[in-house]
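Visitor: Spelled out, the chains give:
Protein chains: 2
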Amino acid sequence: VIDGALLAIDEDPEMHVLLVGPPEVAESALTSRNRAGALDVVAATQLIDMTEDPARAVRAKRDATVRVAARLVRDGTADAVVSVGSTGAALAAAVFTLGTVPGMSRAPLAVVIPAARGPVVLLDAGASVDCDADLLTQFALAGVTYAGVVLGIEHPRVGLLTVGAEPGKGDMVRKAAYDGIAAALDGVAAEFVGNVEGHDVPLGGRADVVVTDGFTGNVLLKAVEGTLAMVGEAVAADAADDERLSAAFQRAMAPLDPAAIGGAVLLGVAGVVVVGHGSSSPRAVASCIQLATRSVRDDLVPQTAARLAGFIAQRGTAAGQPARFER
Amino acid sequence: VIDGALLAIDEDPEMHVLLVGPPEVAESALTSRNRAGALDVVAATQLIDMTEDPARAVRAKRDATVRVAARLVRDGTADAVVSVGSTGAALAAAVFTLGTVPGMSRAPLAVVIPAARGPVVLLDAGASVDCDADLLTQFALAGVTYAGVVLGIEHPRVGLLTVGAEPGKGDMVRKAAYDGIAAALDGVAAEFVGNVEGHDVPLGGRADVVVTDGFTGNVLLKAVEGTLAMVGEAVAADAADDERLSAAFQRAMAPLDPAAIGGAVLLGVAGVVVVGHGSSSPRAVASCIQLATRSVRDDLVPQTAARLAGFIAQRGTAAGQPARFER
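For the protein sequence lines, the chains are P and E, in the order given.
Numbering-wise (this note's numbering), the first sequence opens with residue 613 and increments by one.
Numbering-wise (this note's numbering), the second sequence opens with residue 613 and increments by one.
Hints were generated in silico from the structure; no laboratory data involved.
Given that identical chains are not distinguished, each listed pair holds provided it fits within a single copy or across any two copies.
With a Cα cut of at most 25 Å, we get these calculated SDA-like pairs of lysine to any residue:
| no. | residue 1 | residue 2 |
| --- | --- | --- |
| 1 | Lys787 | Asp746 |
| 2 | Lys673 | Glu778 |
| 3 | Lys673 | Ser891 |
| 4 | Lys787 | Ala667 |
| 5 | Lys787 | Arg769 |
| 6 | Lys787 | Arg668 |
| 7 | Lys787 | Glu664 |
| 8 | Lys673 | Pro779 |
| 9 | Lys787 | Ala745 |
The shape of chain P in the complex, shown without the other chains (with noise of 0.2 Å):
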């Protein structure tokens, strides 16, 4: 983490990075490098274990990091708060401190793919494990607006990931969902392509967001992955003395490099939140604190808020539809 908040620092001086924890092991890390002072610290001495239970942590442990991070967004010390630790934690501590906006009941993580045929912003990537098709619904609108601020695409288009491109295929989250991301997607800057697949994922082309559930969002990231953990292995294993082999599979893997996905947002809370992974390299951390400074320079938390904001109005005038989404 610190390598790469100083990686970050050295390469954008106009960022500011407090780290959050234990002074005394940011102090000495610092002295190590011969960075002493490179960095402000705030003291935070809980933390918050992978194997805890993230909602109850977070409210017993009131100087845990991630709640000590969160109340520097919410005061305005800070403009957003990176992490790499637990998923949930994160979560917890950025709904309890923060609140979530207008329009949404629950913060989906939103990561964007740089995938060949273009990007794809895949929510929910790991944040909401039990949805049902009201969430997917938010989480459709959300996907919209976080296309539209980040990507600069005003007219996305809009997938639901399921197990076949016919209407009708799925389970019943997914059916009921098909129905209700039509509705609410109707008359919105959006076009909904109905069903996509797993591979549309990697492969982008087929819609701009796709959206699921946290926890096939998770699976399916992880697979895809552990797919190119497999490829670098055996290519490693088969050509480890060709450079020019070592470096076409790089390019080629380019793409789905975590620390080229850098972290995903949390949407729909009120400040700017970013995950990254538990295993991130100095790199990956970088990146993830970049994406943090980018949602904060392209106004991420108030464009999102003011776009549900003008969704729910539309959808609150529409004959029989009830303004759902408002909390």
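With chain P's structure known, arrange chain E on it following the hints.
Guide: Chain E in isolation, oriented as in the chain P frame:
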């Protein structure tokens, strides 16, 4: 399909393939290949479309190809069914015409991924998209029998696919299934290794059997396929002229090639039923036929039934354990 069937009989002259479908289509395709009479043809005049509700279509269409094929197995004329049509229709026809074996209320699709660190039986790969904890427990036991019969792994490690390795990670279905699977595997020749993640399927090594619902399994497999296609496209664009590079990639990706995977077996039905990819090449169709042949020669159905009966008997005698897997 016809090219795949011809490939299969050319490679294994002891194999006998019956083509089920419109005879005039089959005859003309065989004649145009100068192979008239090489394959026997069984007439079936109805087909089930990808857009139809499979269960309803199978009940309504007595002369649909999958129903005719399933009857050939039920009546002893054929030993196995191979279909590269609608998975749902193959499942419905199999359950409707052949029935399930005691202990199984549904038939999961099992695929063997020949991963670098060891083969992985993934089930369900797409048959039952809505699963509860009891079904996942049935699938775990079916996966144990399959690993024993087909891979010769008599004490397989079984993992539950979810969003994190730590116990307690997952959605409500996974949290409920965890204890059910642990209890069901207690006393059986298998080891429950707990939670596994998306990358453990393409990489292998953590579990010999990975249990999931058909929705997640289908999305995962297609994500793996899409990732390979993405890498393949990038390599082709980057170094189409480099034969060594192309060959190295072919070798690296071979374990996850659909032809290497060779289709999926419907476990727990009273007959061998293999389902292949809708966009199968002749090579992949031949692999499906070879998988069906191996399954018949391995006595998959009687072995599965006998092993499940053993599990049920064990559970029936365990104090306080209802034999809830009896049909």
